[in-house]
Amino acid sequence: MAGVDRLIADLESRVSNLGVEVANINGHLEQVSVRVAEQADRFKTLQGTARTMVESNHGIDDACRSVQEAASMADGEIGVAQTSVGTTLSGIADLISAVGRIEERLGGIRTVLKQVSGFAGTIEAIARQTNLLALNATIEAVRAGEAGRGFAIVASEVKTLAQKTREATGQIESTLTDLTNQMGNLIDESGAASAHAERVNENAGRMQEAIGRAHDGFTLVGDKIDDIARSTAANVGHCDSVLAELGSLTDGVELSSANLKEAGQQTENLLALSETLIEFIAASGVDTPNNALVRLVQETARRVSTAFEEAVDQGGITLEKLFDTNYREIPGSNPKQHMTDFVDLTDRIVGPIQEDVLTRDSRIVFCTALDRNAYLPTHNRKFSQPQGKDPVWNAANCRNRKIFTDRNSVTAGRNTKPFALLTFRRDMGGGRFTLMKYLTSPIFVKGRHWGGLSIGFD
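Sequential numbering from 136 applies to the sequence shown in this note's numbering.
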């Protein structure tokens, strides 16, 4: 039997070492799995950002096409306007030329009118002389008496003709004066119109130059827009390719994350198997290095149960307060700490029991009592320092009053078997972990499961 016992003890040692290694691997897998899951989320976010960027680029591409069409239409309209202005300028030039010719002809007419006016003056002078001669002839006819009567009649007719000639000449002169004045006004107005047409021509010329420059500018803008449109189209193609690659990469990362989770589950199963084997060996009665600690954790759990029941019986606390789950956050704590109605009791009676256990075996690192929700009210003194400003230091040195969510703490709080042995990586904050074994035994008070007493050891 001694040989069998040694074989079982050796098997327990090997399985224990295997459990430690598996726990280490499982811890690393869990860390990698968390990081890969975070990367998968980031890839999804990046994919969404890239999709938004692609949609924006498509919008820019559409806008470029619209601007391209608008610029082309505007360029065409400017071309039409340029042609129209050119035609207008040609018409204005013809008009200026025609006005100039009219002005020249009006000047000629004015000269002719002056000549006619001169002729009219000459006729009037002749009429005056004729009238004077007729007057003299009449006088001579009177002197001649009957012999000059016929001559007197002729003289009278000549006088009448001279008078009518003078009257007609006066009317012609008056008409010529009015016509000359109107012709002068017309020449002045024609000159003003010609000058105005010249100014219009100059302005139209400047407008044609401006339209020409605008046409050149629109042509240049159109060329630049064409360049932008080509670049945008190429960018859209690249973005579509990047989006496709990101989609493929995201799928790959998500698959890796799923594989890591599966691998982590498998290592957890292997770890649970090794822990079950160790528990089986410990329960067999064979003396192994862990058996003394198994007996110690069960004994300590019974001590805490007894202390709780005595406190209830003596009125130190009610069962309702002992099982209080109203976890009240301590303001300003980081990491977060909480208070309950039974903290004062555990500080007073559980703390000394835990400190005593630390002296029983040099392998023991900590001894704690957790309630069924993995709330740890009272830790060992070395891990119950007042919190400071550094949350990393607090995580390692201020571990009391905390609710733990790791696998081992949750198992310790919920376990109802006589004992359970776990192997784990203890999170000390700041990315630091330490490999440990973990023994736990349930705490019952008046038949109700309160939580578990745990011992962590190297």
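What the hints contain is simulated information worked out from the structure, not anything from laboratory work. A few of these clues could be false.
[Said to hold, decoys possible] Calculated pairs, DSSO-like style, for lysine-lysine (alpha carbon to alpha carbon, straight line, at most 30 Å): (1) Lys552 / Lys581; (2) Lys359 / Lys294; (3) Lys456 / Lys552; (4) Lys456 / Lys517; (5) Lys552 / Lys524; (6) Lys456 / Lys471.
For each hint given before, does the structure comply? Return the numbers of the non-compliant ones in rising order.
Violated: hints 2 and 5.
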